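If you're matching them up, the sequences are chains A and B in order.
Position 266 of the first sequence, counting from 1, maps to 266 under our numbering, and the rest follow consecutively.
Position 23 of the second sequence, counting from 1, maps to 1023 under our numbering, and the rest follow consecutively.
It should be emphasised that the hints constitute simulated quantities derived from the structure, not laboratory data.
Fair warning: there could be bad hints in the mix.
Quick look at which bits of chain B chain A covers, simulated, 3 or more residues with Cβ under 8 Å [said to hold, decoys possible]: (1) 1240 to 1253; (2) 1325 to 1334.
Simulated crosslink set (EDC-like; lysine to aspartate or glutamate; CA at most 20 Å straight-line) [unchecked claim]: (3) B:1061 / A:47; (4) B:1183 / A:308; (5) A:61 / B:1047; (6) B:1061 / A:187.
Output of the computed footprint for chain B on chain A, the stretches with three or more beta carbons under 8 Å from beta carbons of chain B [said to hold, decoys possible]: (7) 32 to 43; (8) 338 to 350.
It should be emphasised that the depicted structure is a prediction, and the values quoted were computed from it without experimental measurement.
We treat Cβ as the ideally placed atom computed from N, Cα and C, and that holds for glycine.
Number of protein chains: 2
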Amino acid sequence: MRAEIIAVGSELLSFGRVESNSLFLASRLIPLGFDLPRKSVVADDPEVLTQTLDFALQASKLVLITGGLGPTEDDVTRDAVARHLGRKLREDPELLERLNSRYRRFAQMMTDNNRRQACVPEGAVVFPNPIGTAPGLGLEHEGRRIVLLPGPPRELEPMVDRHVLPWLKHSWSLSPRPLRIVKVAGEAESAVDHRIAPLTRRERRVQTTILSSPGIVSLYFLWSGGRDPEAERILDDLVESVCRELGDAVYSRQEESPAAALGKRLSRLGWSLAVAESCTGGWIGKLVTDVAGSSNYFRGGIVSYSNEVKIRVLGVERVVLESEGAVSAAVAEAMAENTRRLLEADIGLSATGVAGPSGGSEAKPVGTVFLGLAREGRVASQKLWFPGDREAVRLRTAHVGLDWVRRECDAAIRRH
Amino acid sequence: MRAEIIAVGSELLSFGRVESNSLFLASRLIPLGFDLPRKSVVADDPEVLTQTLDFALQASKLVLITGGLGPTEDDVTRDAVARHLGRKLREDPELLERLNSRYRRFAQMMTDNNRRQACVPEGAVVFPNPIGTAPGLGLEHEGRRIVLLPGPPRELEPMVDRHVLPWLKHSWSLSPRPLRIVKVAGEAESAVDHRIAPLTRRERRVQTTILSSPGIVSLYFLWSGGRDPEAERILDDLVESVCRELGDAVYSRQEESPAAALGKRLSRLGWSLAVAESCTGGWIGKLVTDVAGSSNYFRGGIVSYSNEVKIRVLGVERVVLESEGAVSAAVAEAMAENTRRLLEADIGLSATGVAGPSGGSEAKPVGTVFLGLAREGRVASQKLWFPGDREAVRLRTAHVGLDWVRRECDAAIRRH
């Protein structure tokens, strides 16, 4: 069944604001059995919106419109859609009372513009919004459905899960398409593709999507063989064989970062982590601490962006720095071991490299990175070369480094 | 003059890939005089693409189609557009030769699919692509223009600047709309809006857009009064009065980050920076080192995510940590001063706070942050409270902290 998204907001068409609600909606609608062959972003302009809605309704059974439900003049969605469908707007007394009490709570006056948010097109289903002021709305029109949703993700996302999906499932007969996710770190997209192609090609009823971002390859396996009681089992078998093929490179079977996956292992083992960062400049620590609760296993780190800090704070020997250079196996190993000892952690991870755009040499071109990993009584390093610009080299370094620690943890868990 | 963007790519409609070329295109097309009231993202499906193109051509004089020009089966743009416009595809011998030599250089075989990239619709202008394999194409059709562009930003962006914009300007009479940018840090969007509204409301021919992201408010002033020799002067006058009103909060008049703006000041003063991060976990260092050349002024930092590291590495006194708590003015000041001394920097910046979601208390709720700033013989701290989730609190902390150092630098530059 075909669905389409229209995001309303002039700010999404001008200066640096990216539309992202559609990604969340896709993650919910695709496994439910909807196809999403198009989305549109339109300005706060009733004419552009209604033309686009009309065009969408010609092809799609479901149209989701996000944004433009707020209290300002620019918020055109509710009025434009009601007028286009020939529905009168009626003030809903219950919504008005909730709005009233909300504005009173924040000691604000409710203006006529605010009151508009209590208006509901005839025949619409109201989806409550406990977080913001604008409720969502569901409309049926000539066998099609139109859903109006508030723009802020923290309002839209719970509303979709709690109210919109049940409403869609309630009276439409959908063919759910189960989805499996496999996350891989430290491997190139082409290498992953090459290894799994013989497996995925054998199963034509599963649609495989491979997406890569620096240091991470994400695999999505979507059932596309129609209703079939065997779908879940076939998917699970395929994922099992893919994971067997990729082995240690698979860090998760759900949508999570390498740092989050690592955090679970460290917690399980009761191990603590310290980092020493040169080219990444703090990015590894940032990724580790993106995860709530990381203070349970993350001690901290030393960002040794200058040689003097490597020497004075981390205790790297000056003679080693001078003979081997800051980007070297010896320095990476000293950084890992010394941060581990200094911060009293079970594992020390270090990164030193040439992120570019300048600083490269023939022997160590831009993209050359050494990672170091230290545990009690043992230290190792690896030399890597990463393609891409400064940002890509740095992020790849951080993800591959964190994933190296994750592999160490997994090996320890297997030994236990 | 109305323009519209169609991005082609199924991956932009499914799992976590956001379309961003349209932001770059908007930044170029809007000041040139184009309106962009709609963009679409379509799957790799010739029928959806041609329907959407047809719909776009009804309303817009210019349609830019990005992506789908590569060598794989999924790359449908070139064929679908040529067929829809009734143009035959002809192999361009010069393009074929360039492709051939490119594939030879990478020691790859050129397949029939690869050859398709040398095919050009009759009457099309070819925009060279020195970085990738697919050239851009420009077509005229019933008084309208259609531009096909490669999807990868590093191929698209230089092609647009070097070839597409000159082609558009060459034979169309456009009314350029000059644009001015003002970047503000450390102020809430509503406060900035309130302060500048009396100034912007006075000038109806300038369209003001305010966008906020954690710690940053971006102001865009776009001329919308038609052709006028006074436009540039009126804009400059408005920006001058806005900057006077906002004073020290303005960190730049171009699109750059607080860290990049700070880097310029540190370079000018010859000052070096060291950081001590608790709640930000390395994010401040990451932002500083996002800027190429930051090794000229950034010494590094200590990520003291645990109290033990604050004590052992940073030399914060245990008794202070225990009496005041880790999130306190005393600890922020000790962190800033001690990292400055340990890393031998001119300025020390520290951050300690409750990023959430847990860890808050009545006295120090989630969002409470102390920043510390140390210079030779002087140390200061400020207590702040930031709204938002863990990510927003952390990023606000980093940007407001960096901007505090930037203000110190500006004060020093004024004294010089």
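Structure-based check of each hint:
1. 1240 to 1253: violated (count 0)
2. 1325 to 1334: Coverage by chain A is violated here, the residue count being 0 at a Cβ distance below 8 Å.
3. B:1061 / A:47: At roughly 17 Å apart (the allowed maximum being 20 Å), residue 47 of chain A and residue 1061 of chain B satisfy the hint.
4. B:1183 / A:308: 34 Å, violated
5. A:61 / B:1047: 17 Å, holds
6. B:1061 / A:187: 45 Å, violated
7. 32 to 43: Per the Cβ count (8), the hint holds.
8. 338 to 350: holds (count 3)
When the structure is compared with the earlier hints, violations turn up for hints 1, 2, 4, 6 and for no others.
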